[in-house]
Every structure is written in structure tokens, then in C-alpha cells.
Amino acid sequence: MIISLLLACCMIFTASGIFFALSRSLSIYLCVCICRNLRVKMASDSLPPPENRIVVGCGIAVVDYLAAVAAYPQPDEKIRTTSLKVQGGGNAANALTCMARLGLNPRLISKVADDTQGRHILDELEADGVDTSFFVVSKEGNTPFTYIIVDNQMKTRTCIHTPGYPPMKPDELSRASLLTALDGARIVYSDGRLHETALILAQEAVRKRIPILIDAERLRENLLKLADYAICSAKFPQAWTEAPSVPSALVSILLRLPNIKFVIVTLGEEGCIMLERSDDEGLQTEEIDVEILLESLKQQKDESLAIPTCISSPVTRLRANGIATVCGRLFLGTAEKIPPSELIDTTGAGDAFIGAVVYALCSNMQPETMLPFAAQVAAANCRALGARTGLPLRSDPRLASFLHQSC
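Here the working numbering is used: position 404 in the sequence shown is 498, and no number is missing along the way.
A couple of the hints might just be wrong.
In silico BS3-like pairs for lysine-lysine, Cα to Cα no more than 27 Å straight-line [to be verified]:
1. Lys392 <-> Lys431
2. Lys329 <-> Lys431
3. Lys392 <-> Lys355
4. Lys329 <-> Lys355
5. Lys302 <-> Lys355
These are calculated hints, taken from the structure and not from any lab test. Bear in mind that the values here come from a model prediction, so they are computed numbers and not experimental data.
Using the sequences and the accompanying hints, generate a full structural model.
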């Protein structure tokens with residue numbers, strides 16, 4: 095079976111004129127990666143994964159063409175790459191690959207075309223343990239792909255995305271397939287990209303009382319209203335709420351979305367901030383300004399530590415001036431301090447963070463453990479080129495202490 099898989103991967107690369115010049119090196123590289131991952135997965139069986147570990151994801155799966163360059167080019171300039179990688183990408187596909195490597199059983203609802211790139215996506219996901227039986231495969235059109243320029247000097251990545259065609263329509267996924275996908279699911283995740291399909295999935299998940307986590311990178315308000323958990327990009331909270339600051343925006347989000355249990359905003363090398371709702375609305379305590387509380391948490395950071403940490407407040411009544419108050423806990427998560435020589439590429443770091451948070455929810459991790467764990471997984475991913483190359487498996491010694499805590 096392994097030999098057949100490797101041969102199939104090689105055929106994918108050699109079948110396309112786009113990859114012809116690179117087919118030999120890329121095929122060998124992919125084969126080596128798959129063999130290594132299979133060996134490491136077998137060694138990871140000593141740590142039992144969560145009992146209920148089926149996750150249903152809905153979102154995009156693409157092919158990433160990653161070109162690393164010494165410095166970002168000037169207009170009309172010709173430069174050479176320092177390295178090149180072709181691999182699967184897309185928010186949902188990356189996050190579910192992360193979940194699979196951590197030991198969950200993810201099922202992905204998405205769409206590709208029946209072309210070389212589409213087959214590459216499916217084969218790569220299946221090799222990592224992602225169930226692709228709920229994909230829609232179009233007989234015509236094109237699979238989505240993204241050109242990514244990784245600037246080695248400034249440590250940035252610039253993405254140029256080409257959507258897939260024809261776009262996915264909700265009726266392409268039958269109700270029978272939808273119900274089968276949700277059977278036994280612990281949690282539903284959406285990156286918000288296949289919005290109409292994701293909304294139908296979320297509505298069914300609500301009926302079945304399956305928790306929903308949304309990647310809030312762009313506004314999908316009707317989807318957010320159904321969510322139990324939200325993870326936001328740095329700019330989203332203020333852009334949506336028009337609040338004067340990130341912490342006040344988090345208070346506003348909890349007030350606007352009464353179903354949300356917690357909201358996290360990721361801030362890159364600055365870590366993350368999480369606001370968790372408390373059910374104790376009758377708590378008799380003095381209100382505290384959320385800005386002041388966040389500053390007090392920042393003062394408790396140990397700047398000498400390179401590893402990710404988490405600082406939390408007690409349950410209290412948080413006030414955002416000009417907005418209102420909410421009862422909850424505020425958490426400040428720090429990022430790992432990666433030495434410049436080890437920081438290769440931040441592509442997919444947010445997806446890795448989300449994948450780790452979903453694992454943490456499935457294993458009932460406490461927030462004080464969940465946030466450093468997710469930061470550790472994201473940091474591991476930043477040490478290699480591409481959104482998946484550096485994603486750790488559950489046998490990775492850097493994760494051992496977190497996984498043992500959740501057992």
C-alpha cells in the first residue's frame with residue numbers, strides 16, 4: 095500500500111507540464127516526507143489520542159507554490175528563488191492536517207477540480223490521515239491555487255490567490271453526505287470560505303448540538319451567530335465592532351454573539367488574547383476596565399522565558415468604555431521566541447494554531463494549557479517552508495508535556 099501511494103505521488107508530479115522540470119526532485123522529496131511521517135506516526139501510538147476525536151471541517155483546499163527569496167523584489171526586477179516548494183494549502187486543509195498529525199480524525203468538506211493539482215491535494219491530505227470522501231470533485235474548471243513569496247530578509251509572506259472554478263454550491267453536497275459527515279463528530283470547524291455550504295453545515299450542527307468553531311478572518315456574521323468559539327485574525331475584532339481597541343472589541347464580540355463561549359485574537363509574535371465568557375452573571379464583584387486588566391496581565395509576563403506561557407485573570411466583570419460589561423476571564427498568551435536563524439516561514443501559522451485549539455477542545459484542555467500548546471504548535475510550523483512541512487506530529491517531544499496533561 096505504501097509503495098502504491100508513493101508511485102501515485104510521483105505520477106501526480108510527472109503528469110503535469112507545470113512540474114516537468116521539477117518532477118524528479120519534488121517527487122523524491124515528497125516520497126521521503128511521506129515515509130518519515132509514517133514512521134513517526136507509528137511511534138506516536140504510545141500516547142493515546144482523545145476518545146471522541148472526529149472533527150468535521152469545511153473550507154478551502156488549494157495548491158501552494160512557495161518561492162523563498164533573499165528579499166522581496168522591486169517592480170520589474172528579476173530575481174532567483176533560494177528555495178521552492180509545491181504543497182497543499184488552504185486554511186481549512188492546513189488546520190485539518192494539523193489536527194490529523196496530532197491524532198484527531200478529521201473529515202474535510204471542500205471542492206477541487208479533476209486535474210493534476212486537485213488529485214495532488216486529495217492524495218496529500220489522505221496521506222496525512224484527513225478523510226476526503228466528502229470532497230466535491232468537478233469534472234471541469236480548475237483547482238484553486240496560491241503563489242506565495244516568502245521574504246527571507248523581512249520574514250514576511252505575500253499570497254496571490256486564484257480561486258477554484260466553478261465555485262462550490264451547497265446542493266453539491268447531498269443531505270445524506272452531510273449527515274454522514276457529522277455522524278459522531280466532536281466539533282465542527284469552518285474557515286468561512288465556502289460560506290453557503292459552511293452555513294448549512296453549521297445549521298445542522300446546531301440541531302445536533304455539535305459545537306462549532308469559526309476562523310473569523312473576514313466577516314461572516316450569520317455564520318458567527320451560530321458559533322460556540324471564534325478565533326480571529328489581528329485586524330478582525332476592531333474592523334467588525336469599530337471598538338477603539340482589541341480588548342474592548344473582544345467584549346463587544348461576546349455581547350453581540352451570545353452563543354460564543356470564548357473568542358481568541360491571534361497577534362503573531364505578540365501572542366494572543368482570549369476572552370472567555372463566564373456563566374456566573376450574578377457575580378458580586380467590582381467592575382474592572384478591560385484595558386486596565388490587560389495591562390496588568392502584561393506586567394506579569396516573564397520576558398526571560400522563550401517558551402509560550404499563559405497569564406489569566408480571575409472571573410470578573412469586564413467593562414469596555416462606551417460598550418457595556420461582560421462577565422468572564424481574560425487570558426494573555428505569549429508566543430514562543432523563535433531565534434531569527436530558525437524562523438523560516440510564517441505561512442499557515444494561524445491555521446496550525448487553530449488546529450491545536452481544536453485538539454485542545456477535544457481533549458478538554460484548560461485554557462492555561464491550551465494557549466501555550468497552540469502557540470508551540472504554531473511555532474514549530476514556522477521553522478520550515480510552507481504551511482504543513484513543520485506541522486508537528488503528536489510524538490514530537492516538544493508537545494509531550496501538553497499531551498500528557500490532557501490524558
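Against the 27 Å threshold, does the CA-CA distance of lysine 329 and lysine 431 hold or violate the hint?
Holds - the C-alpha atoms of lysine 431 and lysine 329 are around 22 Å apart, at most 27 Å.
With the threshold set at 27 Å, check whether the alpha-carbon distance from lysine 329 to lysine 355 stays at or below it.
Cα-Cα ~21 Å, so holds.
Lysine 392 and lysine 355 were given as a pair; does the straight-line alpha-carbon distance stay at or below 27 Å?
It holds: about 23 Å lies between the C-alpha atoms, which stays within 27 Å.
Compare the distance between the alpha carbons of lysine 302 and lysine 355 with 27 Å, and conclude whether the hinted pair is satisfied.
holds, 18 Å
Tell me if the straight-line CA distance from lysine 392 to lysine 431 falls inside 27 Å.
holds, 16 Å
Taken one by one, the earlier hints all hold for this structure without exception.
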